[in-house]
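As they're listed, the protein sequences go chains A, B and C.
Just so you know, we're using our numbering here: the first sequence kicks off at 1 and counts up by one.
Just so you know, we're using our numbering here: the second sequence kicks off at 1 and counts up by one.
Just so you know, we're using our numbering here: the third sequence kicks off at 1 and counts up by one.
Hints are supplied without guarantee of correctness; some may be wrong.
Said to hold, decoys possible - Just some of the chain A residues that point at chain C, by a computed CB distance under 8 Å: (1) K14; (2) G18; (3) D21.
Claimed, not checked - Selected chain B positions facing chain A (Cβ under 10 Å, derived; list incomplete): (4) G60; (5) M194; (6) P197.
To be verified - Sample of chain C residues with no beta-carbon within 10 Å of chain A, all distances over it, derived: (7) R16; (8) Y19; (9) T29; (10) Q50; (11) V77; (12) A82; (13) R83; (14) D87; (15) Y99; (16) R128.
These are computed hints drawn from the structure, not numbers from a lab.
This one's a predicted model, so the numbers in the text were calculated from it and none came from an experiment.
Quick reminder that beta carbons are idealized off the backbone N, C-alpha and C, glycines included.
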Amino acid sequence: MLETAKPSGGDIVKSVTGTLDIKYRFSYGERYDRFFREMRDNKRIMGIACPKCGAVLLPPRPYCGFCYTPVDEWVELSDEGALLTYTVVHLPFIGQPTEPPYIYAFIMLDGADVQFPHILGEIEAADVRSGMRVKAVWAEERKGTLHDIKYFRPV
Amino acid sequence: MTRPVAVIGTGQTKYVSRRDDKNVPEIVREAGLRALADAGLKPSDVDAVVIGSAPEIFEGVNYPEDWIAPALGMCPGPVMRVHTGGTVGAATGIAGFYHVASGAYDTVLAVAYQKLSDGVPQYGLSACYDPLWDRDFACGAPALVGLQSRQYLDRHAPAVTEEHGAMVAVKNRRNALLNPYAQIRREITVADVMSSPPVAEPLKLLDCCPTSDGAAAMVIASEQTARKKCPRPAWFSGVGTCSESPYVPHVDMAYPESCVRAAQQAYQMAWIYEPARELDVAEVYEAFSFQELIWCEALGLCRPGEGGKLIESGRSDLDGALPVNTSGGVLSSNPIGASAMIRQVEAAMQVMGRAGEHQVDGVHRALAHSWGGAIQFSTVTIFSDEI
Amino acid sequence: MALKPPELTYMEGESRCDYNWTTGEVVGTFLAALRDHGKMLAGVCESCGQVAVPPTSYCESCGSEVSDLREVGPRGVVMSWARVADDFEGAPAEAPFRYVLVRPAGADTELLHVAPDDDGIRIGATVRPEFRPREQRGGAITDIRWFVPDGAESEGS
């Protein structure tokens, strides 16, 4: 029946294209605000310590995700740590600030109990090893985002 | 605590990279009607519908349940939508189980779908991350699972190697050759996988799942209806779900706690003490090859660190002692919102004896697993041929 | 401790993604008829008789398969309307305009569209679609520019 109803002038419209473009304002909240101000102004990475289980948490938050205790004790972390794991990203994606390939890494900063996500620099992918020591290289111009650190380099 | 509940019919669409003859409600309808036909029921026999799909950003539409429910003949009627990241398909099946187990409904149609070709899948996946924290670096799913796979490989080296991941990719694509619904049906070799282009190392292209359009459905019914309509129902004998955070202290991606706990919950409910011995078949959500080994360890199908030995031994092959991903797995078809339900569908079909060419002989107990989010959601469902 | 007002209140972000929505055969035929013939097609349910516009391949009323398409309208009746006084991002017309639910003659359901901000747009009023010129049509619901009160002069025609 569809055959007879088909318009004679052309093919059916198989798809409709469109773009969704939405602007967001992601709220920092009090904890991210303090965290990123310390990064921007003092080149300091701050964690928050749980008074109950003792874990030093990242990203900063008002409660411990482990034992649900309210947390408020800020602790300065080293900008140096050990590489937990890494991957060489070859896949491009929309809005990606770093051009692939790049080395995406989880770093356990000295003094922290939760991984810090960032990228590695000044090293070839083939030379990267889990467990190796890395240190933050700070950006000259800092705006209060994770890009205030350019990358982590091998120590 | 609960009354007996079974899957009495399943339905799937052929998974393809672009389904351009049908829109979203139409592909869901196709799977839903197939499941009803498999159960010998009509849409009017359904008391409630549970719908699952992953983030709307994949298709660029909002509250899709609004237009999907009428396509299933449920308008007006009880409809609920479920959403738990990549586990949503399985969570939808589990929600359907609760609908019936609670006594609230007798016969429920659970459907899950995704039409990834309508949008940009990796963009949707990248939006899963905290925009203030890790979104800029985490590139969709491959980067996260690249980190997970590296952690797993480095922990167990040299007992687990990149070739072991490639062997999983080869095995599952081989199984997919027997599954008419699978998208990727191609014989490949370990050398093909090892020489395929890097995506997020150690993941190479052939270690990765495709993106698919498709839907899956299950008819879930009470004991009374199951006994009347189905000669060999797949009884829900254990379900477990667990959610954790990607930012818990010392999160272990190579042996995820949410998976371990979901499995414990399901095994306890199903009275399973030795999963590696008591299960006959397992479908695990291996969106990337190394994950099959990681999940098998966390589910207790082999010992930690013995994933490499498991795949090498042939034990998880289609003709092995405990076949894993008989359907071809997520590596062969991946309509994200449906992928976790496809695991349940395959496990249920194996118990019901309706898996066709990839049917394993004498399946009494089958496991379906899924993961989602930034490896924070896990589900485990056990189907059995007896209550 | 005195609380300091936060400095970094928010980060600006944008979510921009292109889509290519599959229409399916029935909706695709409906859109092509708008584009090629300036006609509205409705789906006729052989089971319950409902005539639905826009059509779907399944009957939203009884769940049956729908494969029979039939022309409805072009005139229709306004079932409800709402006046939009101010412009907003993504608005389908320049404010002021009216949203209308139009039930085309011969159909059992309503089509959501827009209309000029005209007092002739009221419940029960007869309206007709004003199609865009053929060369401007692309096979979308916006190939109908809007519905105008029946008898009104078409703008630019």
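Does K14(A) pass the interface check with chain C, least Cβ-Cβ distance below 8 Å?
-> holds, 6 Å
Measuring from the C-beta of P197(B) to each C-beta in chain A, is the shortest one below 10 Å?
With Cβ-Cβ at 7 Å, under 10 Å, it holds.
Against chain C, is G18(A) within 8 Å by beta-carbon distance? holds, 5 Å
Take the shortest C-beta to C-beta distance between G60(B) and chain A; is it under 10 Å? holds, 5 Å
Review point. Is the nearest CB of chain A more than 10 Å from the CB of V77(C)?
Key: holds, 24 Å
- For Y19(C), is the shortest beta carbon distance to chain A beyond 10 Å? The assertion about Y19(C) is violated, with a minimum of 5 Å to chain A.
Problem - Separation of R83(C) from chain A, once the least beta-carbon distance is taken, above 10 Å - result: holds, 26 Å
- Task: Examine each Cβ of chain A, and state whether all of them lie more than 10 Å from the Cβ of D87(C).
- Result: holds, 16 Å
| Any Cβ of chain A at or closer than 10 Å to A82(C), or is the non-interface label fine? | Per Cβ check, A82(C) is outside 10 Å of chain A; nearest 23 Å; holds.
Could you let me know if the closest chain A CB is still more than 10 Å away from the CB of Y99(C)?
The claim holds: Y99(C) sits with its nearest Cβ about 19 Å from chain A, beyond 10 Å.
| Taking 10 Å as the cut and beta carbons as the points, is R128(C) off the interface with chain A? | Since the minimum Cβ distance to chain A is about 20 Å, R128(C) lies beyond 10 Å and the statement holds.
| task | Taking the shortest Cβ-to-Cβ distance between R16(C) and chain A, state whether it exceeds 10 Å. | result | Contrary to the label, R16(C) does not stay out of reach of chain A, its closest Cβ about 4 Å off (not over 10 Å).
The earlier numbered hints that this structure contradicts are 5, 7, 8 and 9.
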